[in-house]
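J.: Whenever a hint applies, use it, and build me the whole structure from the sequences.
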Amino acid sequence: MTDTRFDPQASSDWATAEPEAPQPALGGSQPLVPAASIAGRALVTVIAIMTFLAALTAGAAQLVAEASSGWRSSVAREVTIQIRPSPGRDIEADLAKAAALAKAAPGVADIRVYTKAESERLLEPWLGTGLNFDELPVPRVVILRLEAGNRPDFAALRKALTETVRGATLDDHRIWIDRLGVMANTLVVLGIGVTILVLAATGLAVVFATSGAMSGNREIVEVLHFVGASDDYIAREFQRHFLQLGLKGGLIGGICAIVFFLGAGALSSSFVATPGGSQIEALFGTVALGIGGFVAIGAIVAVVAGVTAVVSRVTVRRTLREIG
Amino acid sequence: MVRFENVGLRYGMGPEVLRDISFSIEPQSFQFLTGPSGAGKTTLLRLILLSLRPTRGLINLFGHDVAGIEKDTLTALRRRMGVVFQDFRLLEHLTTYENVALPLRVQGREEASYRAEVVELLRWVGLGERMHVLPPVLSGGEKQRAAIARALIAQPQLLLADEPTGNVDPSLARRLLRLFVELNKTGTAIVIATHDIALMEQFDAARRLVLGEGRLYVYD
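Residue numbers (the numbering used here), protein chains in the order written: chain A, 497 to 820; chain B, 120 to 339.
Source of the hints: derived by calculation from the structure; they are not laboratory data.
Where hints are given, some of them may not hold.
[Said to hold, decoys possible] Pair by pair, the computed Cβ-Cβ distance ranges are:
1) P289/B - V810/A: 43 to 53 Å
2) V136/B - S707/A: 38 to 48 Å
3) Q276/B - V810/A: 32 to 42 Å
4) R537/A - D184/B: 40 to 50 Å
5) K304/B - F704/A: 51 to 61 Å
6) Q276/B - R813/A: 25 to 35 Å
7) R228/B - A696/A: 35 to 45 Å
[Stated by the list, open to error] One side only, chain B facing chain A, incomplete, derived with CB under 10 Å:
8) K190
9) R197
10) R224
11) V225
All figures in this text were calculated on a predicted structure; none of them were measured in a lab.
The beta-carbon is built from N, C-alpha and C at its ideal position, and this holds for glycine as well.
T.: Structure follows, in structure tokens:
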């Protein structure tokens, strides 16, 4: 008020009562939308829980995908030749022929012929120990370890084996790999679906919270209009408020999920020496989230904040139109 | 600067609460808008502020016909007016300083650019020591002065005040009136809605716009 239009120092009933105090430190301006409110805290909690659940689902899907990839690659790295004993045939000679054929095939890195005792031991989990297997026609096994990235021509090898060694079969475990793949993919798709549902629920929660906040702050909106604030300005203030709430809730949920996975990883490492731990590790791999998992959780936090910002923007604009 | 021609207003399908209102407010003029309680003083102020739209008639504000006015124009027109609400309408989570600075802040100005003038105005209205205080702590008179300071800070061409002395003692009412008169001398047109006859008698030179039974009578 220092221009010529209006000089407050000219004469005033209050001016003399005011000492010339030094310019106070006024600090930054408060947000126009009250920052701390019960509705705001509830929204942060809801967003944190939603983000935690979404991150948990995405992390679990990531673990399954990694474990499945591990299973499939280890299963796919080996194929088995099985030779059934038949009367009048020298099974050791048949094994030697099969091993020679396999070793000559391109793409086979190494072979291992299981001894009779080793083959019999494979049956122990089903038949028990201490049995005399001499009377049983126990099949013999040759394990072929394959070179990485160079798969042999299984059809040709299978044909050569059946022509050369009677009773020999080649199992490339394709059926198991396919089943594992389908199962893992199903779980991953389910995980993505649940994550999307949780994000959608978060969006809806934000719609209700934004509408509620706009109704609760209707008087603020009206005053802002009267003092000359444009709709754009008011919308920006509300959006900033909700983006902050979204980021806060998202970060809390994301950090909780990361702590959960780190804790679960540490716990599974401490159990790995026990029989149960070994089984779990064999089935699911290590419960250690890779970089991809952490990136996914970070992306979920960003998406949650983004969803909050976009949804609140739309809701604020709609409410301003209604008020207008 | 403000021109009403045969303006009528009704809520829904009810009777007209304002009928055939015709008047104008000239630059640098001073007028009291008066009438009994419930006569429609606040409603008429809201029509000027464009927070209500007339059901008939023509309103022209600063040369703009308000029928079908664009949002941006509406915002620009409101920035040329200052308003003091009967119930103050200070934002309770903002300090006195932040409330008074609000009209400048919403124009997108940096705080450093207006800090000195806000502090100066606050001192002028006697709130220099209360600028860091939140409204719930202020007395009725202090709230009134904060609301007036907020209306003045952007140097409006037209100041609308709804019962600005309704919540203060007669002594403070006189001082507030002197403040409005002083502001008017600097070129701001003033409309004070009041039913306080004693207040009006202190400034006989002002025009009187009297509302009664939905009609407006102008006494120059």
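J.: Does each hint fit the structure? Answer for all of them.
T.: Consistency of the hints with the structure:
1. P289/B - V810/A: 43 to 53 Å: holds, 52 Å
2. V136/B - S707/A: 38 to 48 Å: violated, 31 Å
3. Q276/B - V810/A: 32 to 42 Å: At 36 Å between Cβs, range holds.
4. R537/A - D184/B: 40 to 50 Å: holds, 47 Å
5. K304/B - F704/A: 51 to 61 Å: holds, 52 Å
6. Q276/B - R813/A: 25 to 35 Å: Given a distance of about 30 Å, which is inside 25 to 35 Å, the answer is holds.
7. R228/B - A696/A: 35 to 45 Å: holds, 40 Å
8. K190: Holds. Min distance 6 Å.
9. R197: holds, 5 Å
10. R224: holds, 6 Å
11. V225: holds, 4 Å
Hint compliance for this structure: hint 2 alone is broken.
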